[in-house]
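The task is simple: from the sequences and hints, build the whole structure.
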Amino acid sequence: DTGVSQNPRHKITKRGQNVTFRCDPISEHNRLYWYRQTLGQGPEFLTYFQNEAQLEKSRLLSDRFSAERPKGSFSTLEIQRTEQGDSAMYLCASSLSNSYEQYFGPGTRLTVT
Amino acid sequence: TQLLEQSPQFLSIQEGENLTVYCNSSSVFSSLQWYRQEPGEGPVLLVTVVTGGEVKKLKRLTFQFGDARKDSSLHITAAQPGDTGLYLCAGSSYNNNDMRFGAGTRLTVKP
Numbered sequence: 001d002t003g004v005s006q007n008p009r010h011k012i013t014k015r016g017q018n019v020t021f022r023c024d025p026i027s028e029h030n031r032l033y034w035y036r037q038t039l040g041q042g043p044e045f046l047t048y049f050q051n052e053a054q055l056e057k058s059r060l061l062s063d064r065f066s067a068e069r070p071k072g073s074f075s076t077l078e079i080q081r082t083e084q085g086d087s088a089m090y091l092c093a094s095s096l097s098n099s100y101e102q103y104f105g106p107g108t109r110l111t112v113t
Numbered sequence: 114t115q116l117l118e119q120s121p122q123f124l125s126i127q128e129g130e131n132l133t134v135y136c137n138s139s140s141v142f143s144s145l146q147w148y149r150q151e152p153g154e155g156p157v158l159l160v161t162v163v164t165g166g167e168v169k170k171l172k173r174l175t176f177q178f179g180d181a182r183k184d185s186s187l188h189i190t191a192a193q194p195g196d197t198g199l200y201l202c203a204g205s206s207y208n209n210n211d212m213r214f215g216a217g218t219r220l221t222v223k224p
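Sequence order for the protein chains is A and B.
For the first sequence, the residue numbers in our numbering are 1 to 113.
For the second sequence, the residue numbers in our numbering are 114 to 224.
There may be inaccurate statements among the hints.
[Unchecked claim] The following label-pair restraints were derived from C-beta to C-beta distances:
1) S143(B) / T38(A): 21 to 29 Å
2) R64(A) / I126(B): 37 to 45 Å
3) H10(A) / D180(B): 38 to 46 Å
4) G72(A) / K169(B): 42 to 50 Å
5) R109(A) / R173(B): 25 to 33 Å
6) T2(A) / G195(B): 34 to 42 Å
7) Q41(A) / S125(B): 17 to 25 Å
8) L96(A) / K172(B): 41 to 49 Å
[Said to hold, decoys possible] Counterexamples of contact, computed for chain A against chain B with all Cβ distances above 10 Å:
9) S66
10) E101
11) R109
12) T113
Don't read these hints as lab results, they were simulated from the structure.
Where is the CB? At the ideal position from N, CA and C, for every residue including glycine.
Okay, structure coming up:
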């Protein structure tokens with residue numbers, strides 16, 4: 001399967017702990033996006049990368065959130081000092097830079113207790 | 114506040130019925146995508162429309178982009194239980210970086 005993959009699929013953590021998620025995009029896609037989705041809502045944009053450069057960040061992305069894509073391939077999203085409000089599905093998507101079409105991974109479901 | 118308003122929010126129908134769901138905005142989009150999402154999974158791209166007035170058909174699904182590129186509709190003919198899911202529309206602005214999603218229409222097709 002050459003689609004977008006995300007790990008882990010599920011993460012349960014205690015409030016105050018740090019968590020890190022990984023996204024592996026479709027191999028030829030140079031754009032990578034992170035979204036957050038809460039129950040009953042559509043995905044909300046967090047940030048995106050063009051190759052290894054992080055070009056845009058939403059105001060939803062607080063200082064506790066950091067994303068990297070060091071070699072322009074896979075990306076990580078880290079949340080420090082997790083809060084219960086961080087509980088959500090974190091989705092990764094990738095696309096070609098000249099395309100409107102984004103392809104999503106299966107997501108990482110985070111539960112903060 | 115959702116930039117894209119989807120209606121209805123919930124729809125429950127019997128197998129074989131037809132349905133239309135809507136996606137409306139006050140903003141103009143360079144393109145609009147429709148996705149279907151199943152519980153615990155990521156959205157799966159169904160179609161992209163880019164031209165005002167464009168109509169695309171995908172088997173029993175018909176997608177239309179409004180002339181003013183502010184709204185779209187999805188029509189399903191002879192719905193099947195396998196069509197059950199959350200249907201999301203998403204609009205891309207001209208800078209192509211920031212795709213905004215609606216809250217979705219949750220469709221249930223009963224056998």
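For each hint, the structure was consulted:
For S143(B) paired with T38(A), a C-beta distance near 27 Å keeps the hint of 21 to 29 Å intact. For R64(A) and I126(B), the hinted distance range of 37 to 45 Å is satisfied, since their beta carbons lie about 43 Å from each other. Judged by the Cβ atoms, the range 38 to 46 Å given for H10(A) and D180(B) holds: they are separated by roughly 44 Å. Look at G72(A) against K169(B): about 33 Å separates their beta carbons, and that is not inside 42 to 50 Å.
Between R109(A) and R173(B), the C-beta spacing of about 31 Å keeps the proposed range 25 to 33 Å intact. Our hint of 34 to 42 Å for T2(A) and G195(B) is violated, since their Cβ atoms are close to 24 Å apart. In this structure, Q41(A) and S125(B) meet the distance hint of 17 to 25 Å, their C-beta atoms being roughly 20 Å apart. Taking the beta carbon of each, L96(A) and K172(B) are about 26 Å apart, not inside 41 to 49 Å as hinted.
Distance check on S66(A): its Cβ is at least 19 Å (rounded) from any Cβ of chain B, clearing the 10 Å threshold; non-interface status holds. For E101(A), the shortest C-beta to C-beta distance to chain B comes to about 5 Å, within the 10 Å cut-off, and the non-interface label is violated. Once the 10 Å rule is applied to beta carbons, R109(A) is inconsistent with being away from chain B; the minimum gap is 7 Å. For T113(A), the shortest C-beta to C-beta distance to chain B comes to about 19 Å, beyond the 10 Å cut-off, and the non-interface label holds.
This entry does not satisfy hints 4, 6, 8, 10 and 11, going by the numbered hints stated previously.
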